[in-house]
Amino acid sequence: MNEHADVMCQVRESFAGLRMDTPVENVLARSRARRRRRLTGMAGAAAGAAGVAAALILTAPAHPGNSPRPSSTSATLAAFSVTSGPGTATTLILHKGPQYAPLDPSALRQVLAQHGIPALVTVGTFCRPAVGPLADGFGQFVHPSTLPDGSAEMVINGAAMPSGTRLSIGYFPGHIRLAVLGNAAALLCSSRSGQPAAHLTPSGIPVHR
Amino acid sequence: MGHAQDEFADFYGSSRDSCLKAVTAVVGDRLLAEELVAEAFARAWTSWEKVRRHPASQAWVVRTALNIGVSWWRRRREVPLADHDGAAPADVSGVDPVLIAALRRLPTRQREVLALRIFLDLDTESTAQVLRIAPGTVTAHLSRAVTALRRDLPAASTDANAREVYR
Numbered sequence: 001m002n003e004h005a006d007v008m009c010q011v012r013e014s015f016a017g018l019r020m021d022t023p024v025e026n027v028l029a030r031s032r033a034r035r036r037r038r039l040t041g042m043a044g045a046a047a048g049a050a051g052v053a054a055a056l057i058l059t060a061p062a063h064p065g066n067s068p069r070p071s072s073t074s075a076t077l078a079a080f081s082v083t084s085g086p087g088t089a090t091t092l093i094l095h096k097g098p099q100y101a102p103l104d105p106s107a108l109r110q111v112l113a114q115h116g117i118p119a120l121v122t123v124g125t126f127c128r129p130a131v132g133p134l135a136d137g138f139g140q141f142v143h144p145s146t147l148p149d150g151s152a153e154m155v156i157n158g159a160a161m162p163s164g165t166r167l168s169i170g171y172f173p174g175h176i177r178l179a180v181l182g183n184a185a186a187l188l189c190s191s192r193s194g195q196p197a198a199h200l201t202p203s204g205i206p207v208h209r
Numbered sequence: 210m211g212h213a214q215d216e217f218a219d220f221y222g223s224s225r226d227s228c229l230k231a232v233t234a235v236v237g238d239r240l241l242a243e244e245l246v247a248e249a250f251a252r253a254w255t256s257w258e259k260v261r262r263h264p265a266s267q268a269w270v271v272r273t274a275l276n277i278g279v280s281w282w283r284r285r286r287e288v289p290l291a292d293h294d295g296a297a298p299a300d301v302s303g304v305d306p307v308l309i310a311a312l313r314r315l316p317t318r319q320r321e322v323l324a325l326r327i328f329l330d331l332d333t334e335s336t337a338q339v340l341r342i343a344p345g346t347v348t349a350h351l352s353r354a355v356t357a358l359r360r361d362l363p364a365a366s367t368d369a370n371a372r373e374v375y376r
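The listed protein sequences correspond, in order, to chains C and W.
Residue numbering for the first sequence follows our numbering, starting at 1 and increasing by one per position.
Residue numbering for the second sequence follows our numbering, starting at 210 and increasing by one per position.
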């Protein structure tokens, strides 16, 4: 096979810089979560399908029109939960696991809007400006992380988002792509986005660009 | 449990980069590959008693990661990324995009053979066992893949610095 060595060396050297950043603790936690999910799945099967219905439980704000940032609103859908806090921020959790219902992008968008966060939520695609760069300051508005069970958590400071911007959330089976969109006239939505502002994987490492 | 966990941690530490490179070469997306490899290692820990005795544990992880990727995309009724022709931008920062595009043009099986040979240092026989194909088929896939890459990567044909020998 020596006649192949030149090409194979070139390929090997091209990948030399790739490093897996995921700590072993995350892998162990993922394994534990997987065991729990399997146990939960077995229990859920016994309980019937009703337990995983996409039941929307909404606690409406006492005075939704009086405050641009409701502080006591709590909304939970099987696939996600949105809660106020910490501070004036809002915490979004996209639950991961077969026991959760498929994400309803329209429902999530509406609940985020109730928390003062304009958002574009897509499943299987990710939208970004067709031309021009993404809005600056992503890290000031959104702090993504991953919970031990693999669910994605985003602390969103909607009040800090400039007027006219909105959060683009692209939900994929193994990861979530995030960006803050400016006043772009046209968006490019693709099943394989090119330059998201952050790419959050259940490995727990958001990648900012 | 403590000893087994230490043993797994050692295996993870020594294998993760190679597995990531191999899976990235096949799926053409570094972040997706990291996700798949992390999930595969999680499953390896779940089945550690079996995996630790596997004759090619790293290959088990890579094979599992690729299978997870296929099942994810099947559930979503979408075409696996690996079968696209590279028109979409690949997310593999730090790797020559020309090489990534060239890899994505190869058939999946050729990419798998390349990945196992290059990044896991498997010989023809071991590669054949992992992929459950004949050794002669491995040789044929490798030859075709290298021929295609040599055509698409002109630098390789004049690279006088090849230092490694592949069996």
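Think of the hints as simulated: they come from the structure by calculation, not from any bench.
Do not rely on the hints blindly, as some may be mistaken.
Pairwise CB distance ranges (calculated) [as the list claims (entries may be wrong)]:
1) W:ARG353 with C:ASP21: 29 to 39 Å
2) W:SER352 with C:PRO102: 26 to 36 Å
3) C:ASP21 with W:GLN214: 33 to 43 Å
4) C:THR125 with W:ASP305: 40 to 50 Å
5) W:ALA265 with C:ALA160: 42 to 52 Å
Which chain C residues stay away from chain W? Per the calculated CB distances, all over 12 Å, these [as the list claims (entries may be wrong)]:
6) ALA5
7) PRO23
8) VAL24
9) THR91
10) GLN110
11) PRO129
In this text, a Cβ means the ideal position worked out from N, Cα and C, and glycines have one as well.
Okay, the hints, checked on the actual structure:
1. At roughly 34 Å, the beta carbons of W:ARG353 and C:ASP21 sit within the given window of 29 to 39 Å.
2. Between W:SER352 and C:PRO102 the beta carbon distance is about 44 Å. The supplied range of 26 to 36 Å is therefore violated.
3. For the hinted restraint 33 to 43 Å between C:ASP21 and W:GLN214, the CB-CB distance of approximately 20 Å leaves it violated.
4. In this structure the supplied range 40 to 50 Å is violated for C:THR125 paired with W:ASP305, their Cβ-Cβ distance being about 28 Å.
5. Checked against the hint of 42 to 52 Å, the C-beta distance between W:ALA265 and C:ALA160 comes to roughly 51 Å, which is consistent with it.
6. Annotated as non-interface, C:ALA5 brings its C-beta within 12 Å of a C-beta of chain W; the closest such distance is 4 Å.
7. At roughly 9 Å, the least C-beta separation between C:PRO23 and chain W is not larger than 12 Å, which violates its mark as non-interface.
8. Under the 12 Å C-beta cut-off, the non-interface status given to C:VAL24 relative to chain W is violated; the minimum distance is some 5 Å.
9. The claim that C:THR91 lies off the interface holds: its Cβ sits roughly 23 Å from the closest Cβ of chain W, which is beyond the 12 Å cut-off.
10. With a least CB separation of 24 Å from chain W, C:GLN110 remains clear of the 12 Å interface cut-off, as annotated.
11. In this structure C:PRO129 is separated from chain W by more than 12 Å, as the shortest Cβ-Cβ distance comes to about 15 Å.
Of the numbered hints stated above, those contradicted by the structure are hints 2, 3, 4, 6, 7, 8, listed in ascending order.
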